[in-house]
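Student: One-letter residues, chain by chain:
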Amino acid sequence: MSAEYGHRVVGTSPPAKDAAQKVCGSLVYPVDFELAGMLHGAILRSEHAHARILSIDASRALALPGVIGVVTHEDAPDLEWNGTFFNYRGRIFDGTARFVGDELGAVAATTAEAAREALRHIVVEYEPLPAVFDAAAAMLSGAPQVQAEGNTREPSVEAWGDLEAARSAADEVAAADVSFGSQQMCPMGRNAAIAQWSGGRVTLYTGTQTSSEVKDAIAEAFGIACSRVRVVALPLGTSFGEFWSNNFMMVACLLARKVRRPVKIELSNAECMAYVKRRHEERCRASMGATADGNITFIDVHHLFDNGGYGFKDDVGYLVLDLWGARVPAGRFECQGVSTNLVTAGCMRGVGDVTMGSVVERLADQLAERCGLDPLEFRIRNHIRPGDELRAAWGGHLLRHDKQGYERLIDEVTKAAPAELRQRWPEHFRLSSGSTVEMLRSAAEEFRWQEKFVGWGRPYYSEGPVRRAVGVGTGIHCCGEEMEGNTDATVRIMKDGSVMLFCAVGRQGTCADTTQAMIAAETLGIPFDMIEVEAGDTDACPWSRGSIASTTMFRTGFKTWAACLDARRQLLELAGREIFDCAAVDLDIRDAVIYTTEALREADEAGHEPTGGVPIPDVLMRDREDTFGPTDSITGRPDFPMPPSMAFARHFAAHFVDLEVDVETGQIRLLRYLAAQDSGTVVHPQVLEGQVIGGALLGAGFALCEQLHFDAQGRVINPTLSDYKVLRFTDFPPEAAVMFAEDPDPVGPFGARSAGEAPTAAPVPAIAQAVYNAIGVWVDVPMTPERVLLALEAQRRERSTDSGGR
Amino acid sequence: MVRLHVNGQIHELDIEPHETLAEVLRGRLGLRGVRVSCGEGECGSCTVLLDGVPATSCLMLALQAEGKEITTIEGLGDEEHLHPLQQAFIDEQGFQCGVCTPGIILSSKALLDKNPHPTAAAVAGALSGHVCRCGAYTQIVRSVLRAADEMEAADER
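As you go down the protein sequences, you meet chains U and S in turn.
The numbers in the working numbering rise by one with no breaks, and the one at position 5 of the first sequence is 10.
The numbers in the working numbering rise by one with no breaks, and the one at position 42 of the second sequence is 57.
Any given hint could be a false lead.
What the hints assert, rightly or not - Label pairs and their calculated CB-CB ranges:
no., chain 1, residue 1, chain 2, residue 2, range
1, S, V68, U, P790, 53 to 61 Å
2, U, R674, S, G42, 25 to 33 Å
3, U, P790, S, A136, 17 to 25 Å
4, U, G205, S, V17, 41 to 49 Å
5, U, D591, S, A135, 16 to 24 Å
6, U, A41, S, P32, 26 to 34 Å
7, S, L78, U, E118, 40 to 48 Å
8, U, R65, S, P32, 54 to 62 Å
What the hints assert, rightly or not - Partial pick of chain U residues on the chain S-facing surface, computed with a CB cut under 7 Å:
no., residue
9, K27
10, D37
11, N274
12, V619
13, R733
Unchecked claim - Which chain S residues stay away from chain U? Per the calculated CB distances, all over 12 Å, these:
no., residue
14, R50
15, V51
16, S52
Rather than coming from a laboratory, the hints here were simulated on the basis of the structure.
For clarity, every value in this text was computed on a predicted model and none was experimentally measured.
Beta carbons: idealized from backbone N, C-alpha and C, even for Gly.
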């Protein structure tokens, strides 16, 4: 594929930049990071789900050997800080506990053991308050108020067409009411926050997907200038949305300020699972109608989710409306976030499209069955295609401008872009590229779908208690969620021709630094090995949304490309003026050597090495006539903006699963798995394959076994891997395969779009449909053996009632 | 004073009776490739080899390792001298975040020592005590199978 487009780097799979460090154990994660004179901190946590703090007496703790200092709400600034998309909103400590484990204070000591021991000697006097643990209950009048502004956020509403007319025009209507427990990110590796104040500046070293956001949040929490905050994001373990900006990072800064020494707070996995963040608990009530020949006439979704103690979101991702709603004459979507006294909830990989998506897909499947269509046919007929109108571009995501005003705004901000570029850019509020259609066709063939799908609710194999069946599910998500500007990147070509790329991307295993370096290499004509990436230091990197909302490849990649175009132009202008005596457009760079485009064309046609080239160092180290000295280095930065991704770009997944259900034990076993992905041009096939299979595993885990459980007091009761089950090597087919559809995007770098979240959404409906086909009954997630058996039992009772038997 | 044999070297250490092997290897000997994650023996990321047999170092006391040959990822190879397993994990990208990687490579080493030509299912079975939360299972199995092939080819040379 890459050769077809003439790419030299894009489409290859060089080793990840940090591959050798990862396989040798030498990569430094936050937990491995230390500063001279560093103390260790531990966090004091609430025993109650909701309580006012009357007093905190730390005198006995402070008298212990090795204990240096304590902070409580009395030390905390009276300032609120906000996380991106309101994933967090609150003060560092404010004298109220809003969930079990909420941060009340912290201790600094010479060792981590001494700090933890000191916590046991702090006496907290609580005034317990009534607590609420369920979103629906928290909406009732008289419910305990978690947040001063009230529990309910303003609903996000998206509506088009005449819903009531469309409802009555439907020949078939399906409805569902599905509740979802919380999935836990269950991070691998331990995160830590190491804070140091020096000369009025604070530096925080931590594992985060969003270093710029953490910097802004610290400035906000302490009421100091952004210039006084430096965040150094270190490589981290699995995150899936857990580590953006988190309050424990602020606590480390507060504690370090109080004791005037560097402080490190390391969190255990159990702390992360019970006290940091989780996927929301959600309830989706939806209905969908279709004509007898299988065209969807309306979609109506009412989605409720809980924000926990400090989330403040008013919607989840609902790109599924684009996937299924583009060709539908009428629809309505309402989403509402509600505060509860459970641990803070927020965006986890595939947010909304994992949960709501699986409900919409179930309704679609039920309609397809009634219309006598197979699941592929129904999807191909109804799914969005390039040029179709987008439904999810409005609502909470793109401010709340009127559409005309918004289009004017986009025209205004993008007119600085070169005309030849703008000509390629898509019409706004229509899908720019990609779809599920090609994937569904080609992957179905590869999977031998026609052979294995023997009709709705029917297994292709039945022997004793074993039923085998196949299922297909689709997924969609955004490619970053931004207005113009925001995420940025800069690049520096140094005098020897080597390159530093500065772009703040998360290093949580997605190899984003590697793929950004590939984009730089492709754009500059400089080998990948000569390019290094600074991805974590906010003193060096320009502001970036970070690696969230599938932003990285599409938006950061665009800015990396644009920064490199600028550096390349400067270099070629210099070479043209000082050496070649020609215009920059007549020059090009290959393998870090500058040639005339004519020399390159001749060489390529003749099939020999190009001649007459000048290596980059000869240009940059040459004394210039205008400055009487060498240029030394060139800095490139994007000199034109990027149009807002939500207005046109999406990425897609179509997953096929073959599984068996044991109707006696309720056990589900995955036999074969095929994941197809449309992320536009594939930049690094190995990395993308990893993202796709990793997404499939996370989604399959949610479908089959993952759920966080709370007791009656709101305490997480399974914050460990022994009680919170995740999929292991033997739970997933080791020969799982990945296929790529590559519809290049007109805006994305070299045609690439984004990758990580749609493949987390697709497995849930695929597995649910296969289970339905195996046993003839829909099972809610997580499809544990108990739930499968209960569903079979309910089916038996229903059948005996239907037949009038007694 | 306790003598620990680690990666071919002998260390004499004053060890508290309650210190885990992982704490001593990481904290006293600076072997940060011993990745501690769950701390309860469920995830396998802290796996080291004791006389060639995988053990979760977070769950055992350092004193229990006395007299055994302890191998951590640092003892298998370094960035200039990669073990064939490490090279295969690079070539197949058998990792994402890299936290579980050292432990998985060590368990794979123990498997290949016993069974130089495992099937994919045998690799998955041998590694089922490890969690890769990023979900790189497919690529990890492929990496181990590739290493088995490369090691056999090297033996024949």
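Student: All hints are to be evaluated individually against the structure, with a verdict given for each.
Tutor: Against the structure, the hints come out as follows:
| no. | hint | result |
| --- | --- | --- |
| 1 | S:V68 to U:P790: 53 to 61 Å | violated, 33 Å |
| 2 | U:R674 to S:G42: 25 to 33 Å | violated, 42 Å |
| 3 | U:P790 to S:A136: 17 to 25 Å | holds, 23 Å |
| 4 | U:G205 to S:V17: 41 to 49 Å | holds, 47 Å |
| 5 | U:D591 to S:A135: 16 to 24 Å | violated, 54 Å |
| 6 | U:A41 to S:P32: 26 to 34 Å | holds, 30 Å |
| 7 | S:L78 to U:E118: 40 to 48 Å | violated, 18 Å |
| 8 | U:R65 to S:P32: 54 to 62 Å | violated, 27 Å |
| 9 | K27 | holds, 3 Å |
| 10 | D37 | holds, 5 Å |
| 11 | N274 | holds, 5 Å |
| 12 | V619 | violated, 34 Å |
| 13 | R733 | holds, 5 Å |
| 14 | R50 | violated, 6 Å |
| 15 | V51 | violated, 7 Å |
| 16 | S52 | violated, 5 Å |
Violated hints for the displayed structure, listed by number in ascending order: 1, 2, 5, 7, 8, 12, 14, 15 and 16.
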